[in-house]
Amino acid sequence: MSRRSNALDLHIPAPRARPGDAPDFSGWSFPEPGETPRPEIDAPAVELREFAYGLIRVLDMDGAAIGPWAPRLAPEALRRGLKYMLLLRAFDERMHRAQRQGKTSFYMQSHGEEAISIAQTMALDPSDMCFPSYRQQGILIARDYPLVDMMNQIYSNKHDPMKGRQLPVMYSSKKDGFFSISGNLATQVPQAVGWAMASAYAGDVRIASTWLGEGSTAEGDFHAAMTFASVYRAPVIVNVVNNQWAISSFQGIAGGENTTFAARGVGYGVPPLRVDGNDFLAVYAVTQWAAERARANLGPTLIEHFTYRAGPHSTSDDPARYRPTDEARAWPLGDPIERLKQHLMVLGEWREDQHRAAQEEALETVRATGREAEKVGVLGVEGAHEATSMFDDVYKDVPWHLRRQREDLGA
Amino acid sequence: MASMTMIQALNSALDVMMERDPNVLTFGEDVGYFGGVFKVTEHLQKKYGAKRCFDAPINECGIAGAAIGMAVYGLRPVIEIQFADYMYPAYDQLVSEAARIRYRSANDYTVPLTVRMPYGGGIYGGQTHSQSPEALFTHVAGLKTVIPATPYDAKGLLISAIEDDDPVVFLEPKRVYNGPFDGRRDRPVIPWSKHPASDVPEGYYKVPLGKANIVREGADLTILAYGTMVHVAVAAVEDSGIDAEVLDLRTLLPVDIDAIVASVCKTGRCVIVHEATRTSGYGAELSALVQEHCFYKLEAPIERVTGFDTPYPHALEWDYFPTPPRIIKAMRRAMEA
Numbered sequence: 001m002s003r004r005s006n007a008l009d010l011h012i013p014a015p016r017a018r019p020g021d022a023p024d025f026s027g028w029s030f031p032e033p034g035e036t037p038r039p040e041i042d043a044p045a046v047e048l049r050e051f052a053y054g055l056i057r058v059l060d061m062d063g064a065a066i067g068p069w070a071p072r073l074a075p076e077a078l079r080r081g082l083k084y085m086l087l088l089r090a091f092d093e094r095m096h097r098a099q100r101q102g103k104t105s106f107y108m109q110s111h112g113e114e115a116i117s118i119a120q121t122m123a124l125d126p127s128d129m130c131f132p133s134y135r136q137q138g139i140l141i142a143r144d145y146p147l148v149d150m151m152n153q154i155y156s157n158k159h160d161p162m163k164g165r166q167l168p169v170m171y172s173s174k175k176d177g178f179f180s181i182s183g184n185l186a187t188q189v190p191q192a193v194g195w196a197m198a199s200a201y202a203g204d205v206r207i208a209s210t211w212l213g214e215g216s217t218a219e220g221d222f223h224a225a226m227t228f229a230s231v232y233r234a235p236v237i238v239n240v241v242n243n244q245w246a247i248s249s250f251q252g253i254a255g256g257e258n259t260t261f262a263a264r265g266v267g268y269g270v271p272p273l274r275v276d277g278n279d280f281l282a283v284y285a286v287t288q289w290a291a292e293r294a295r296a297n298l299g300p301t302l303i304e305h306f307t308y309r310a311g312p313h314s315t316s317d318d319p320a321r322y323r324p325t326d327e328a329r330a331w332p333l334g335d336p337i338e339r340l341k342q343h344l345m346v347l348g349e350w351r352e353d354q355h356r357a358a359q360e361e362a363l364e365t366v367r368a369t370g371r372e373a374e375k376v377g378v379l380g381v382e383g384a385h386e387a388t389s390m391f392d393d394v395y396k397d398v399p400w401h402l403r404r405q406r407e408d409l410g411a
Numbered sequence: 001m002a003s004m005t006m007i008q009a010l011n012s013a014l015d016v017m018m019e020r021d022p023n024v025l026t027f028g029e030d031v032g033y034f035g036g037v038f039k040v041t042e043h044l045q046k047k048y049g050a051k052r053c054f055d056a057p058i059n060e061c062g063i064a065g066a067a068i069g070m071a072v073y074g075l076r077p078v079i080e081i082q083f084a085d086y087m088y089p090a091y092d093q094l095v096s097e098a099a100r101i102r103y104r105s106a107n108d109y110t111v112p113l114t115v116r117m118p119y120g121g122g123i124y125g126g127q128t129h130s131q132s133p134e135a136l137f138t139h140v141a142g143l144k145t146v147i148p149a150t151p152y153d154a155k156g157l158l159i160s161a162i163e164d165d166d167p168v169v170f171l172e173p174k175r176v177y178n179g180p181f182d183g184r185r186d187r188p189v190i191p192w193s194k195h196p197a198s199d200v201p202e203g204y205y206k207v208p209l210g211k212a213n214i215v216r217e218g219a220d221l222t223i224l225a226y227g228t229m230v231h232v233a234v235a236a237v238e239d240s241g242i243d244a245e246v247l248d249l250r251t252l253l254p255v256d257i258d259a260i261v262a263s264v265c266k267t268g269r270c271v272i273v274h275e276a277t278r279t280s281g282y283g284a285e286l287s288a289l290v291q292e293h294c295f296y297k298l299e300a301p302i303e304r305v306t307g308f309d310t311p312y313p314h315a316l317e318w319d320y321f322p323t324p325p326r327i328i329k330a331m332r333r334a335m336e337a
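First to last, the sequence lines map onto chains A and L. Anchor point for the first sequence: position 268 equals 268 in the numbering used here, and the numbering is continuous, going up by one each time. Anchor point for the second sequence: position 249 equals 249 in the numbering used here, and the numbering is continuous, going up by one each time.
Please keep in mind that the hints were generated in silico from the structure rather than gathered at the bench. We put the beta carbon where it would ideally sit given N, CA and C, even for glycine. There may be inaccurate statements among the hints.
Here are a few chain A residues that sit away from chain L, every Cβ distance over 10 angstroms (derived from the structure) [to be verified]:
#1 V46
#2 R97
#3 Q101
#4 R143
#5 S248
#6 S316
#7 T325
#8 E338
#9 A357
#10 A358
#11 V378
When the alpha-carbon atoms are kept at most 20 angstroms apart in a straight line, the in silico EDC-like pairs for lysine to aspartate or glutamate are as follows [unchecked claim]:
#12 L/K266 with L/D220
#13 A/K83 with A/E386
#14 A/K396 with L/D165
#15 L/K329 with L/D319
#16 L/K206 with L/D165
#17 A/K396 with L/D164
#18 A/K158 with L/E19
#19 L/K39 with L/D85
#20 A/K174 with L/D108
#21 A/K83 with A/E360
#22 L/K329 with L/D220
#23 A/K158 with A/E372
#24 A/K174 with L/D165
#25 L/K211 with A/D397
#26 L/K329 with L/E238
#27 L/K51 with A/D204
#28 A/K175 with L/D85
#29 A/K396 with L/E163
#30 A/K174 with A/D204
#31 L/K206 with A/D397
#32 L/K51 with L/E19
#33 L/K206 with L/D220
#34 A/K396 with L/D108
#35 A/K375 with A/E364
#36 L/K206 with L/D239
#37 A/K174 with A/D149
#38 A/K158 with A/E386
#39 L/K211 with L/D258
Build the full structure now, drawing on both the sequences and the hints.
In structure tokens form, the structure reads like this:
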């Protein structure tokens with residue numbers, strides 16, 4: 001087929017490396033740690049546009065904390081953060097394996113992204129409200145939600161707080177400020193904005209924080225949320241976790257080829273901070289900045305966390321089919337746990353043997369909790385939930401048609 | 001008591017509830033300063049302040065999503081979707097979110113949200129200002145769907161919807177906003193002030209959700225209708241000379257099955273009327289319910305008079321809109337069977 005010389009050509013974005021190729025992050029350049037200034041929290045959004053195109057970094061690759069964004073965190077808090085991340089990783093590994101063993105239908109790890117949920121939860125007030133996506137289980141862990149109840153949910157067993165109604169990892173806990181997870185992407189973002197508007201309406205002091213993947217920023221809900229957040233100056237932090245991959249689609253398919261995801265904030269007049277998501281200190285610092293800004297009635301902040309999804313999208317996914325298997329190891333910004341560990345060691349506040357002991361403790365906690373949850377039951381155990389309980393909570397009161405359907409089921 | 005149009009009655013319901021409960025607030029496109037394109041929220045911003053009645057960006061997904069977040073917080077938002085035809089961008093938020101949050105969180109989070117939307121044809125609104133999407137909501141577990149036909153019911157039902165702890169889709173028949181249009185286009189439109197159901201208490205009262213109203217008692221045939229079609233059905237009965245009973249369902253979900261069964265089992269004949277498209281319309285559900293509950297009392301096949309399965313045709317509106325002659329034809333078929 002001959003083409004006319006002036007024929008138009010359709011562009012379909014493609015990642016640089018596919019299975020069999022060497023990982024290729026060449027040509028990427030990042031500002032040096034400590035290089036990015038820290039603006040005042042009341043800086044007008046128009047003066048913050050450049051932050052969308054840079055990268056806020058605190059930790060260098062040798063573990064030193066540098067520059068104005070370095071948060072003043074006591075070693076004890078850093079150790080707590082590290083232990084939460086170790087616990088989260090151990091939990092993920094165990095539950096991923098549990099799915100492979102047929103104990104549940106589905107699991108999603110946050111491998112490589114642990115700093116985001118853990119550091120952010122520590123930077124927020126415990127009463128602030130979180131509207132997460134399905135990969136921020138670290139929020140529950142850092143809020144000391146019972147691990148066994150997370151497992152009970154994953155196993156849909158008799159003690160599952162969601163009563164067997166939800167896909168594994170779709171937790172909910174009102175008392176912990178953790179909103180019910182939806183499998184429909186980005187729906188939580190306008191809800192978080194609405195919650196924040198309500199908090200402002202009521203003269204409350206609590207703010208909201210919400211998370212979505214870079215892939216989901218293509219959803220209309222994200223743009224609706226950004227419009228509302230900007231218009232009503234809602235006290236909300238919108239976190240885009242750019243982990244490079246939306247199942248098999250690289251971030252270019254969501255519009256990351258021509259600009260950054262933080263830059264979405266520029267058009268909405270929302271301060272856009274772009275941060276190294278594998279840098280615990282930087283994530284903590286930008287969250288603190290955004291939270292202070294929101295608490296001061298100065299409105300929303302959009303944060304892009306630049307990170308890498310080191311694991312599969314879910315247990316139903318095999319990333320070896322669409323990306324180089326060693327891409328995670330080649331990620332230029334390292335591993336969040338290793339980097340915080342290194343920092344603590346540089347400070348002289350952590351040793352290898354302490355780290356091994358902490359890892360072992362995390363594994364043992366998960367092992368013991370796993371035994372406890374499995375004793376209650378795993379997915380598919382008969383009688384975990386009364387069949388008729390499926391008719392509860394559709395409405396506050398059971399209407400006549402559901403009562404009849406319940407009777408038809410034989411109750 | 002005061003004589004109110006349906007618009008005034010809806011405005012009064014919002015006024016009463018905003019006065020009683022500081023958690024009630026309302027927003028939507030043009031809802032604030034301007035008081036809404038149909039004036040249902042008129043004066044509310046002036047009376048209660050901009051934080052309790054305000055304009056929203058033109059983004060129904062955002063309106064619904066933000067309102068869900070507010071309801072989760074503990075407020076009782078009432079949102080206006082300017083026309084029901086505009087609700088599709090909000091559909092995911094209503095169907096996947098509002099409807100299921102109580103269920104999926106095992107009663108941890110709830111969504112006491114009211115979604116008002118003017119619906120229906122007969123106003124030369126064309127395809128995008130005339131639709132009747134009620135079946136898209138009655139098909140969804142976790143939503144309640146309400147449609148008033150008179151000012152009295154509109155106010156009492158809206159107050160019930162706002163006080164309800166579950167999400168309620170509140171469809172307003174805009175063709176009867178200003179008068180009980182009965183489909184007889186050759187006659188002058190009667191104002192609401194000439195209709196007994198325009199006598200509306202100025203204060204608080206409720207019309208319960210899930211309860212139908214017998215608008216006209218009759219022995220020979222039952223007409224099931226809601227919204228504008230209640231008035232069209234009554235006109236059809238007057239013109240037909242058939243002693244038909246007209247039931248205004250008022251709530252489509254949960255529907256008042258007892259009232260339906262009592263009436264159809266008494267008359268043995270049933271005609272279902274709605275404006276929406278026919279196939280998989282709410283009439284199909286009503287027909288199934290009547291068949292399941294009244295089969296041995298039926299003297300004739302159940303009849304449906306509905307909009308046609310076409311997009312809403314602007315210039316052919318009066319061929320599309322169910323009118324008294326079409327209903328009378330169905331009634332006669334049912335009587336002669």
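Query raised in the report: Hint numbers the structure violates, sorted upward?
Result: 13, 18, 28, 33, 36
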